[in-house]
Amino acid sequence: DQQVKQNSPSLSVQEGRISILNCDYTNSMFDYFLWYKKYPAEGPTFLISISSIKDKNEDGRFTVFLNKSAKHLSLHIVPSQPGDSAVYFCAASESAGGTSYGKLTFGQGTILTVHP
Amino acid sequence: DTAVSQTPKYLVTQMGNDKSIKCEQNLGHDTMYWYKQDSKKFLKIMFSYNNKELIINETVPNRFSPKSPDKAHLNLHINSLELGDSAVYFCASSQEAPPRRNTEAFFGQGTRLTVV
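Line by line, the protein sequences give chains A and B. No gaps in the numbering here: position 12 of the first sequence is 12 in the working numbering, and each next residue is one more. No gaps in the numbering here: position 15 of the second sequence is 1015 in the working numbering, and each next residue is one more.
Among the hints, a few may not be true.
[Unchecked claim] Restraint ranges, calculated between C-beta atoms of paired labels, are given here:
1) A:E58 - B:G1016: 48 to 56 Å
2) B:Q1014 - A:S52: 43 to 51 Å
3) A:Q2 - B:L1083: 18 to 26 Å
4) B:R1063 - A:Q2: 21 to 29 Å
5) B:R1112 - A:P82: 22 to 30 Å
6) A:H72 - B:K1009: 30 to 38 Å
7) A:E58 - B:R1063: 39 to 47 Å
8) A:G60 - B:A1003: 43 to 51 Å
9) B:D1018 - A:N67: 42 to 50 Å
10) A:T26 - B:R1112: 39 to 47 Å
11) A:Q2 - B:L1054: 18 to 26 Å
[Stated by the list, open to error] Straight-line distance between alpha carbons at most 27 Å, and here's what the computed DSSO-like set of lysine-lysine pairs gives:
12) B:K1052 - B:K1009
13) B:K1041 - A:K71
14) A:K54 - A:K68
15) A:K68 - B:K1071
16) B:K1022 - B:K1009
17) B:K1022 - B:K1071
18) B:K1019 - B:K1052
19) A:K5 - B:K1036
20) A:K71 - B:K1040
21) A:K5 - B:K1044
22) A:K56 - A:K71
23) B:K1022 - B:K1040
24) A:K5 - A:K71
25) B:K1041 - A:K5
26) A:K71 - B:K1067
27) B:K1019 - B:K1036
28) A:K5 - B:K1040
29) A:K71 - B:K1036
30) A:K56 - A:K68
31) B:K1044 - B:K1071
32) A:K54 - A:K71
33) B:K1044 - A:K68
34) A:K5 - A:K54
35) B:K1036 - B:K1067
36) B:K1071 - B:K1040
37) B:K1044 - B:K1022
Hints are computed from structural coordinates only; laboratory data are not their basis. Please read all numbers here as calculations on a predicted model, not as lab measurements. Think of the CB as a built atom: it goes at the ideal place given N, C-alpha and C, for glycine as much as any other residue.
Same shape as in the complex, but just chain A (with noise of 0.2 Å):
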């Protein structure tokens, strides 16, 4: 039963223009999520993340959108540049007394290519 999910097993896009990855969580007890960015042979790295009592949040080039009645999260990256290349993790943590609580719940992550 995953309760993360990101749909799309891969992205590309073009060096320049608007990467938008998808995320998609089932358990409304979640409220707070991340983003992590994964390289080769590398840990995963913290991005980005949202607080539920938000809808928004913005990092430079990064941005994320919390919709919390569609459970639906996404990450946008504009201008996309090859150096973010990478996998993205979609990640949920839960508020105090859930089953999920004191661990990140990730999804099985999207591959992004961005080409010059």
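Following the hints, put chain B in place on chain A, whose structure we already have.
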């Protein structure tokens, strides 16, 4: 200076053997985790320790035993290795559990375990 380091990076071993993966963090974090990335690429939590105390123990075969000699170290020992244990294992740490704003989890580079 690596924040979360795990050794070895690659481990190839025969079925039935016992092996250990070591993890150390120099971030002064209170919480450490072990995650497994399976063949479907999901990152799934296995264990979480907070100040040397086990706080999360997912449905993992009891052949897997974590050991935390101090809050900077969390080792993973696996007995009687099976083919299905082949995966990438990631160690991580965070200041608190679950990771919240400004206290995101930091990951090691992963250990690729191959059981033959």
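Results of checking the hints against the structure:
1. Look at A:E58 against B:G1016: about 52 Å separates their beta carbons, and that is inside 48 to 56 Å.
2. In this structure the hint that B:Q1014 and A:S52 lie 43 to 51 Å apart at CB holds, the actual value being about 47 Å.
3. Taking 18 to 26 Å as the suggested C-beta distance range, the pair A:Q2 and B:L1083 conforms, at roughly 23 Å.
4. Separated by about 24 Å at the C-beta atoms, B:R1063 and A:Q2 satisfy the suggested range of 21 to 29 Å.
5. Between B:R1112 and A:P82 the Cβ separation comes to about 26 Å, which falls inside the hinted range of 22 to 30 Å.
6. For A:H72 and B:K1009, the hinted distance range of 30 to 38 Å is satisfied, since their beta carbons lie about 36 Å from each other.
7. A C-beta distance of roughly 45 Å is found between A:E58 and B:R1063, which places it inside the suggested range of 39 to 47 Å.
8. Take A:G60 and B:A1003: their Cβ atoms lie about 22 Å apart, and the range 43 to 51 Å is violated.
9. With their beta carbons about 47 Å apart, B:D1018 and A:N67 fall inside the hinted range of 42 to 50 Å.
10. Between A:T26 and B:R1112 the beta carbons are some 30 Å apart, a value that contradicts the proposed interval 39 to 47 Å.
11. Restraint check, A:Q2 to B:L1054: a C-beta distance of roughly 25 Å satisfies the suggested window 18 to 26 Å.
12. Between B:K1052 and B:K1009 the CA atoms are separated by roughly 24 Å; this keeps the pair inside 27 Å, and the hint holds.
13. With a C-alpha separation of about 22 Å, the suggested pairing of B:K1041 with A:K71 holds against the 27 Å cut-off.
14. Simply put, A:K54 and A:K68 have alpha-carbon atoms about 9 Å apart, close enough for the 27 Å limit, and the pair holds.
15. In summary, the hint linking A:K68 to B:K1071 is not supported, as the alpha carbons are separated by about 36 Å, beyond the 27 Å threshold.
16. This hinted pair checks out: B:K1022 and B:K1009 have alpha carbons roughly 10 Å apart, not beyond 27 Å.
17. For a cut-off of 27 Å, the pair hint linking B:K1022 to B:K1071 stands: about 13 Å separates their Cα positions.
18. In summary, the hint linking B:K1019 to B:K1052 is supported, as the alpha carbons are separated by about 21 Å, within the 27 Å threshold.
19. For a cut-off of 27 Å, the pair hint linking A:K5 to B:K1036 stands: about 17 Å separates their Cα positions.
20. For the hint pairing A:K71 with B:K1040, the CA-to-CA distance comes to about 22 Å; that is within 27 Å, so the pair holds.
21. Taking the CA atoms of A:K5 and B:K1044, the gap is about 13 Å. The hint holds against a cut of 27 Å.
22. Note on A:K56 and A:K71: the hinted pairing holds, with a Cα-Cα distance of about 14 Å set against a maximum of 27 Å.
23. The hinted pair formed by B:K1022 and B:K1040 meets the criterion: a straight-line CA distance of about 24 Å does not exceed 27 Å.
24. Straight-line distance between C-alpha atoms of A:K5 and A:K71 comes to about 11 Å, which keeps the hinted pair within the 27 Å bound.
25. Pair hint B:K1041 plus A:K5 holds up; C-alpha atoms about 11 Å apart against a cutoff of 27 Å.
26. With a C-alpha separation of about 37 Å, the suggested pairing of A:K71 with B:K1067 is violated against the 27 Å cut-off.
27. Restraint check: the Cα-Cα separation between B:K1019 and B:K1036 comes to about 15 Å, which is no more than 27 Å; the hinted pair holds.
28. With a C-alpha separation of about 12 Å, the suggested pairing of A:K5 with B:K1040 holds against the 27 Å cut-off.
29. With a CA separation close to 25 Å, the supplied pair A:K71 and B:K1036 stays within the 27 Å bound.
30. The suggested pairing of A:K56 with A:K68 holds, with an alpha-carbon distance near 11 Å, which does not exceed 27 Å.
31. In summary, the hint linking B:K1044 to B:K1071 is supported, as the alpha carbons are separated by about 22 Å, within the 27 Å threshold.
32. Pair hint A:K54 plus A:K71 holds up; C-alpha atoms about 13 Å apart against a cutoff of 27 Å.
33. For the hint linking B:K1044 to A:K68, the alpha-carbon distance of about 23 Å falls within 27 Å, and the restraint holds.
34. For the given pair, A:K5 sits about 21 Å from A:K54 by alpha-carbon distance, which is consistent with the 27 Å threshold.
35. Note on B:K1036 and B:K1067: the hinted pairing holds, with a Cα-Cα distance of about 16 Å set against a maximum of 27 Å.
36. In summary, the hint linking B:K1071 to B:K1040 is not supported, as the alpha carbons are separated by about 31 Å, beyond the 27 Å threshold.
37. Restraint check: the Cα-Cα separation between B:K1044 and B:K1022 comes to about 18 Å, which is no more than 27 Å; the hinted pair holds.
In summary, the structure is inconsistent with hints 8, 10, 15, 26, 36 from the numbered list given earlier, while agreeing with the others.
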